[in-house]
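Chemist: The lines below spell out each chain.
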Amino acid sequence: MAMRIRNSASRGTMMSRQISGLRSMSSWWKNVEPAPKDPILGVTEAFLADPSPDKVNVGVGAYRDDNGKPVVLECVREAERRIAGTSFMEYLPMGGSVKMVDETLKLAYGDNSEFIKDKRIAAVQSLSGTGACRLFADFQKRFRPDSQIYIPVPTWSNHHNIWRDAQVTQKTYHYYHPETKGLDFSGLMDDVKNAPEGSFFLLHACAHNPTGVDPTEEQWREISQLFKAKNHFAFFDMAYQGFASGDPARDAKSIRIFLEDGHHIGISQSYAKNMGLYGQRVGCLSVLCEDEKQAVTVKSQLQQLARPMYSNPPLHGAQIVSTILGDPALKGLWLKEVKVMADRIIGMRTALRESLEKLGSPLSWEHVTKQIGMFCYSGMTPEQVDRLTSEYHIYMTRNGRISMAGVTTGNVGYLANAIHEVTKSS
Amino acid sequence: MESVFSNVVRAPEDPILGVTVAYNNDPSPAKLNLGVGAYRTEEGKPLVLDVVRKAEQQLVNDPSRVKEYIPIAGLADFNKLSAKLILGADSPAIQESRVATIQCLSGTGSLRVGAEFLKKHYHQSVIFIPKPTWGNHPKVFNLAGLSVEYYRYYDPATRGLDFQGLLEDLGAAPSGAIVLLHACAHNPTGVDPTSEQWEQIRQLIRSKSLLPFFDSAYQGFASGSLDTDAHSVRTFVADGGGCLIAQSYAKNMGLYGERVGALSIVCKSSDVASKVESQVKLVVRPMYSSPPIHGASIVATILKSSDMYNDWTIELKGMADRIISMRQQLFEALQAKGTPGDWSHIIKQIGMFTFTGLNKEQVAFMTKEFHIYMTSDGRISMAGLSSKTVPHLVEAIHAAVTRVA
Numbered sequence: 001m002a003m004r005i006r007n008s009a010s011r012g013t014m015m016s017r018q019i020s021g022l023r024s025m026s027s028w029w030k031n032v033e034p035a036p037k038d039p040i041l042g043v044t045e046a047f048l049a050d051p052s053p054d055k056v057n058v059g060v061g062a063y064r065d066d067n068g069k070p071v072v073l074e075c076v077r078e079a080e081r082r083i084a085g086t087s088f089m090e091y092l093p094m095g096g097s098v099k100m101v102d103e104t105l106k107l108a109y110g111d112n113s114e115f116i117k118d119k120r121i122a123a124v125q126s127l128s129g130t131g132a133c134r135l136f137a138d139f140q141k142r143f144r145p146d147s148q149i150y151i152p153v154p155t156w157s158n159h160h161n162i163w164r165d166a167q168v169t170q171k172t173y174h175y176y177h178p179e180t181k182g183l184d185f186s187g188l189m190d191d192v193k194n195a196p197e198g199s200f201f202l203l204h205a206c207a208h209n210p211t212g213v214d215p216t217e218e219q220w221r222e223i224s225q226l227f228k229a230k231n232h233f234a235f236f237d238m239a240y241q242g243f244a245s246g247d248p249a250r251d252a253k254s255i256r257i258f259l260e261d262g263h264h265i266g267i268s269q270s271y272a273k274n275m276g277l278y279g280q281r282v283g284c285l286s287v288l289c290e291d292e293k294q295a296v297t298v299k300s301q302l303q304q305l306a307r308p309m310y311s312n313p314p315l316h317g318a319q320i321v322s323t324i325l326g327d328p329a330l331k332g333l334w335l336k337e338v339k340v341m342a343d344r345i346i347g348m349r350t351a352l353r354e355s356l357e358k359l360g361s362p363l364s365w366e367h368v369t370k371q372i373g374m375f376c377y378s379g380m381t382p383e384q385v386d387r388l389t390s391e392y393h394i395y396m397t398r399n400g401r402i403s404m405a406g407v408t409t410g411n412v413g414y415l416a417n418a419i420h421e422v423t424k425s426s
Numbered sequence: 001m002e003s004v005f006s007n008v009v010r011a012p013e014d015p016i017l018g019v020t021v022a023y024n025n026d027p028s029p030a031k032l033n034l035g036v037g038a039y040r041t042e043e044g045k046p047l048v049l050d051v052v053r054k055a056e057q058q059l060v061n062d063p064s065r066v067k068e069y070i071p072i073a074g075l076a077d078f079n080k081l082s083a084k085l086i087l088g089a090d091s092p093a094i095q096e097s098r099v100a101t102i103q104c105l106s107g108t109g110s111l112r113v114g115a116e117f118l119k120k121h122y123h124q125s126v127i128f129i130p131k132p133t134w135g136n137h138p139k140v141f142n143l144a145g146l147s148v149e150y151y152r153y154y155d156p157a158t159r160g161l162d163f164q165g166l167l168e169d170l171g172a173a174p175s176g177a178i179v180l181l182h183a184c185a186h187n188p189t190g191v192d193p194t195s196e197q198w199e200q201i202r203q204l205i206r207s208k209s210l211l212p213f214f215d216s217a218y219q220g221f222a223s224g225s226l227d228t229d230a231h232s233v234r235t236f237v238a239d240g241g242g243c244l245i246a247q248s249y250a251k252n253m254g255l256y257g258e259r260v261g262a263l264s265i266v267c268k269s270s271d272v273a274s275k276v277e278s279q280v281k282l283v284v285r286p287m288y289s290s291p292p293i294h295g296a297s298i299v300a301t302i303l304k305s306s307d308m309y310n311d312w313t314i315e316l317k318g319m320a321d322r323i324i325s326m327r328q329q330l331f332e333a334l335q336a337k338g339t340p341g342d343w344s345h346i347i348k349q350i351g352m353f354t355f356t357g358l359n360k361e362q363v364a365f366m367t368k369e370f371h372i373y374m375t376s377d378g379r380i381s382m383a384g385l386s387s388k389t390v391p392h393l394v395e396a397i398h399a400a401v402t403r404v405a
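Protein chains in written order, with the UniProt record's numbering: chain W, 1 to 426; chain E, 1 to 405.
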């Protein structure tokens, strides 16, 4: 065989080499189907393609200022000025920036957390919230292969993709109540009660995506007690700390309740929204363990999952976070800027609700101000959403989710009018 | 409350990173770190390229820049420029829009995303990797769900390529199997096929419809020439066949920690390439949603400016030349010392690493007696050497070879 190959290096066989290359390649990807468009990102694509001057994008899950423009926080700009030109670009450890992780844990667990002092938290820098959830899902699969994850209905659509690709069995639990446009608390508690002991649950720490419906503090306490009775594992996805109420401590209340009650939880934290670092992909995965030894062990295993995925996490976003959180003045500025963003959203909720009520809508729009965070689950049907798009050039996801971040004083009247028009006869 | 993870055992230390940990703990002023897989200057310091600093400043000073999510497939201009860099601007595959390129997290991320795509959409799930190879390769492919087989590569007797073994093992691979190829500067051995050998490898691979998956982590860094180091990849693409390519900017642009790379899949037609890209995005979304913006922006800034591109090629050649010069110095010093053995492999091998041929016991001896830190397989990073430290290394090698079996 080797002889044949060596002797075939002649002009006449060049063509046949090329042809055989093509022929053998044709069968490789013949069966590849075009993938469906991402339901969320497809909305922005359609919006961009629309030439209408009236168009409004309330599909985007990214903050916009009152002029509809993306925002880079001042504290971030300052941090970048300090970083540029000064630091090396060496590899971070597999677990990421220790400084950034330490500051991030303080946000979730509390500045004076005993768990931090006792070194009981296994924590690694992650690729934003998605990366943290995926690392945890992979870890869950590897070390609790028979477990399943309970996911709320509805949830961020990518949650299903994440646990599916990690090959963890998924179940769902009741969460949103379409009639009240609020929490289906009794449905939730029933599902928690009926799940087998020791089940894993995905909880949105605050500002539930896509509904904006959060349990009250009292309800969180009841959920925590039931989790205790059932020995369930609570995994919190906290993508909006500070962004929901404007107060990071308040937004972490659900987590603090579970910690007080003695749960050993897992947390995914993201700086995409609350520091506006979307494209930098900065986040943190933490798992509270029995003791320091176990934390070291668990962290070592999380790193083993990160290494064959991306080796070590990106540096720049982590540097921005640790520069800001490590400097009291910059941290103070950040807290102010987060509150501004949260307050603007809350203001837009009020404006939208009042506009709809002024228009004489026969429906209740109470939920617009009761819900919290970036999104409002309007209750509109896919058909009504389609009308909003085709008749009014308003873009949102077909589940009726409105990104309040896309609402401005400039477009809230137009938006309210359009919503009124498509819903008034329902 | 008992932890649900009390059954978890501690993972072993990473063999490569453990070397640096031990080095850091050594108080000796004579210590030398030859484990590090990152470039060091003659003064032993990390390096940020001037052109990178310039790009960085441009970005920071541009108030119109925002930090929004970039698309799942990454920055479009970065992707185009990366494909051009590895395939050549005149590549027919590019001109015919047959290449799907997706920004990924450096080489590791590109390999993982490519492997996951193959697991989902390719009819074969076995990948043949060279023996030895970068320690992380088997883990990447295993976690993606591929099964790993080895093909012979390094010949300890010659400290060169086991070409016959390679041809036999790839010749025996099942039709359609995936084959991992180091585009240049094989890690950890520094042993590359000659261009004649590459041609034979190419013919064998095409004759068996094997699917080549290139790992290109050192383009420009090996020989000093971006085109020369891309030659193996380009001959495969020139024959009209397909392949996968994982590109990294960690070493050649010094962007290690920023995690910048690209996965390219060369397809039969632009229609297929577009479908393939859409499917790769489905792999990325549940892994990390979209790649990080910063490093890719730096790369795109440099590659799209002809001045900055030229400056880059000069700095890149500077790094490659320093490494080549260290090889020469080490070889000549060992000759001058009369150290027993044939040390010509030091100058025959290419890239950041030299597979010295020293055994575990000799390595341990060098660490204990001479405070020289390297991986136990005898691999040294030439990037960690300088003219000042070559004599110390020579002493250590000489002692190890003459006193330890």
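Hints in this document: simulated from the structure, not taken from any laboratory. The structure displayed is predicted, hence computed values, not measured ones. Mixed in with the good hints there might be a few duds.
[As the list claims (entries may be wrong)] In silico DSSO-like links for lysine-lysine, alpha-carbon gap of 30 Å or less:
#	chain 1	residue 1	chain 2	residue 2
1	E	Lys45	W	Lys37
2	W	Lys69	E	Lys368
3	W	Lys99	E	Lys139
[Claimed, not checked] Partner residues aside, some chain W positions facing chain E, computed with beta carbon under 7 Å:
#	residue
4	Gly85
5	Leu127
6	Tyr150
7	Ala195
8	Gln304
9	Met309
Quick reminder that beta carbons are idealized off the backbone N, C-alpha and C, glycines included.
Chemist: Check whether the Cα positions of Lys99/W and Lys139/E lie no farther apart than 30 Å.
Modeler: Judged against 30 Å, a Cα distance of about 28 Å means the pair holds.
Chemist: Is the shortest C-beta separation between Gln304/W and chain E less than 7 Å?
Modeler: 5 Å, holds
Chemist: With a cut-off of 7 Å, does the beta carbon of Met309/W approach a beta carbon of chain E closely enough for the hint to hold?
Modeler: 5 Å, holds
Chemist: Does the CB of Tyr150/W sit less than 7 Å away from some CB of chain E?
Modeler: 14 Å, violated
Chemist: Please verify whether Lys45/E and Lys37/W have alpha carbons no more than 30 Å apart.
Modeler: 47 Å, violated
Chemist: Taking 7 Å as the limit, does the beta-carbon of Ala195/W come near enough to a beta-carbon in chain E?
Modeler: 14 Å, violated
Chemist: So, Gly85/W near chain E? Judge it on the closest CB pair being under 7 Å.
Modeler: At about 6 Å, which falls below the 7 Å cut-off, the nearest Cβ of chain E leaves the hint on Gly85/W intact, so it holds.
Chemist: Is Lys69/W close enough to Lys368/E, meaning Cα to Cα at most 30 Å?
Modeler: Violated - the C-alpha atoms of Lys368/E and Lys69/W are around 61 Å apart, more than 30 Å.
Chemist: Closer than 7 Å between Cβ atoms is the bar; does Leu127/W clear it against chain E? Give me holds or violated.
Modeler: 4 Å, holds
Of the hints listed earlier, those the structure fails to meet are numbers 1, 2, 6 and 7, in rising order.
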